[in-house]
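Could you put the whole structure together from the sequences, leaning on the hints where they help?
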Amino acid sequence: MKKRMLSILLVMVLAVSLLAGCGKKETSSNQEQQQQPQAPAEKTGKITIWAWDPNFNIAIMNEAKERYQKENPKVEFEIVEMAKADVEQKLHTMLQSGVKDGLPDIVLIEDYNAQKYLQSYPGAFADLTGKIDHSKFANYKVSLMTLDGKVYGVPFDSGVSGFFYRTDYLAQAGYKPEDLNNITWDKFIEIGKKVKAKTGKAMLGFGLDDGGLMRIMLQSAGQWYFDKDGNVTVANNEALKEAVATYKKIVDAGIIKKTSGWNEWVAAFNKGDTASVVTGVWIVGSVKAEASQSGKWAVAPTPKLNVSGSVNASNLGGSSWYVLENGKSKDIAIDFLNKIYAGDNDFYQKILVDRGAVGTYMPAQGGEAYSKEDAFFGNQKVYTDFSGWIGNIPAVNYGLYTYEADAAIMAVMPDVYSGKLTVDAALKKAEDQLKNQIGK
Amino acid sequence: MKVKRVVGRIFVYLFLIIAFVVSVFPFYWMITGMTNTAVDVIKGKMTFGSHLIDNFKVLFTTYNIKRIFFNSIKISVLTTVGTLIISSMAAYGFEVYSSKAREKTYAAIMLSMMVPFAALMIPLFKLIVKFHLINTHAGLILTSLASVFIIFFFRQSFKSFPKDIIQAARVDGAGEFKIFTSIVMPSMKSTYAAAAIYAFMTSWNSYLWPLIVLQTDKQKTMTLLISSMSSAYFPEYGVIMAAIVLATLPMIIIFFTLQNYFVQGMTGSIKQ
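As they're listed, the protein sequences go chains B and X.
Position 346 of the first sequence, counted from 1, bears residue number 346 in full-length UniProt numbering, the numbering being contiguous throughout.
Position 163 of the second sequence, counted from 1, bears residue number 163 in full-length UniProt numbering, the numbering being contiguous throughout.
No wet-lab data here; the hints were simulated from the structure.
Since the structure is predicted, the reported quantities are computational estimates derived from the model, not experimental observations.
There may be inaccurate statements among the hints.
Claimed, not checked - Straight-line C-alpha distance at most 35 Å; calculated DSBU-like pairs for lysine-lysine:
| id | chain 1 | residue 1 | chain 2 | residue 2 |
| --- | --- | --- | --- | --- |
| 1 | B | K350 | B | K74 |
| 2 | X | K100 | B | K65 |
| 3 | B | K330 | X | K126 |
| 4 | B | K100 | X | K218 |
This is the structure we're talking about:
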């Protein structure tokens, strides 16, 4: 009997120690790292950062880290790479649980979701008003991270949009680059028809259920699914009505190649099946990936809507850095962002050249990297153009539920395409559905 | 008569061929993808390309893949071994020793299968933080040791184990622990093998919980790595495919080595 108990006990001790063993190692090394930096005056500590995209945000953060460490060699960095959805999931779990252990110091948040975090977790993010000179950043970008007059983030990459087109196809259809400057969507459709007739190529790769283009159209008119106060403005929104009508016109004109999902959409222009793509500047990497099309591309300003106030500049996507109020190294994290992201011109030149990242730090945009000619785009100074457009992007309130609104509208689009619902009726239906969902 | 049989055969083969294509295609796509550039993968190129070495080079230089792969292996192996020991003992207890509360307790444990993990996540996370197990592999392993499904699975198998043998062993003076380790366990090998495959697969594929618990790149698992690779303005599909192939290998190896046991285990270990 005793022997049996003993053997059970031994097995259990063994199992527990085995498991405890793999846990202990890390905690002890964590403690070492926390105790180690004690030198006075010099900045010491460890900044933990969560972000996504190995070749973009992560690579850029590594560059920023190296620059900061030259001045502050005792500051350590832990840059954790996760998928975008994973960063969101993790952040929600940690903020909801109220646990402070393991919170990062800096986190990357997509602009469309910024208000959701700021409003859902008051006090979770550090107020950076006055600590960062926000006047040096693009206005539209600062306004989306402002809540009750306080600015909570450091603006990062821009999704400034452009009308990328194949010069060879457009020339075949009889259009010169000047003809494509500052056009409306109606003109765009007219050009598309001619391109289709002359070259047989579609003008656009187009996902019937993709709301990206609609968000570009809306923001170009300074409108969104929500007004300045965050109220739903779907049914009585002139710009949105025009955007939905334009979607239908584009589909009816037969100038699109239908695609479903990101990969097909990218494949459409990589394969040379479409003559243009209207989207954020971050697409440059995917366009250039097809090296055989070098010299055949150019960029024009985004087409505008036929409503008053619409401009030839808009935005799609983009994200910004936020500092957690309860992170362990909050102050060093703010200092780091301030020195590099809000002060280092040279850094912005480097990340543009290396990673194609267009920042929203305006002083950097006069730098030499921004005025370089790009052979892929027929020696056009594309980034000079993009930085010119950034300043014109109308500021809008993305509200808390951009993706929910997007989904509600895309759900009624099939009925708009088929003519079963008028634009007004469809938007009314979408608004009801959206209000239902978000409980307003 | 003969014609009928031939026609039947044709249909059977046709069906099998379709099933074969459907199940093998993803593997084919994965393996060709691994040899192509991202652009070619996007364009839907289905033939082998010449970028295999480049893709692996990027995978090994950009990511700490050896460490991450080892993390996954370590977590899965320890979880599997631990789950088999603990869950099989629990199931044995439920089946062999009777008490008034036995069936009620068992039912309560079974019911917990119906609670979705999302509902448990935040309390469990708080618990793990209290135990200082955040960002440790132990935080993953300890929480998955007692698997309700595997307890259920073992108990079903133990039901067919002849109780007379246990009685006989007791008469011969064997202790309860000895009976379990030297009589029951060896004769249930195939059940253990089937449960091992299941436990390993669950642990190897688990995603949400590691995501919440692990905090640094050093501690990461393969699932987290692959997920993070694909979230990008310009995803490198060729490299992602290479990582997926690596992540699939252990599952394939385990399944093929334990395949025979697996089928036996599913149909019951003891032949009466």
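Against the structure, the hints come out as follows:
A hinted pair counts as satisfied when its Cα atoms are at most 35 Å apart, and K350/B with K74/B qualifies at roughly 24 Å. With a CA separation close to 64 Å, the supplied pair K100/X and K65/B exceeds the 35 Å bound. Our distance criterion of 35 Å between C-alpha atoms is met by K330/B and K126/X, whose separation comes to about 23 Å. Taking the CA atoms of K100/B and K218/X, the gap is about 21 Å. The hint holds against a cut of 35 Å.
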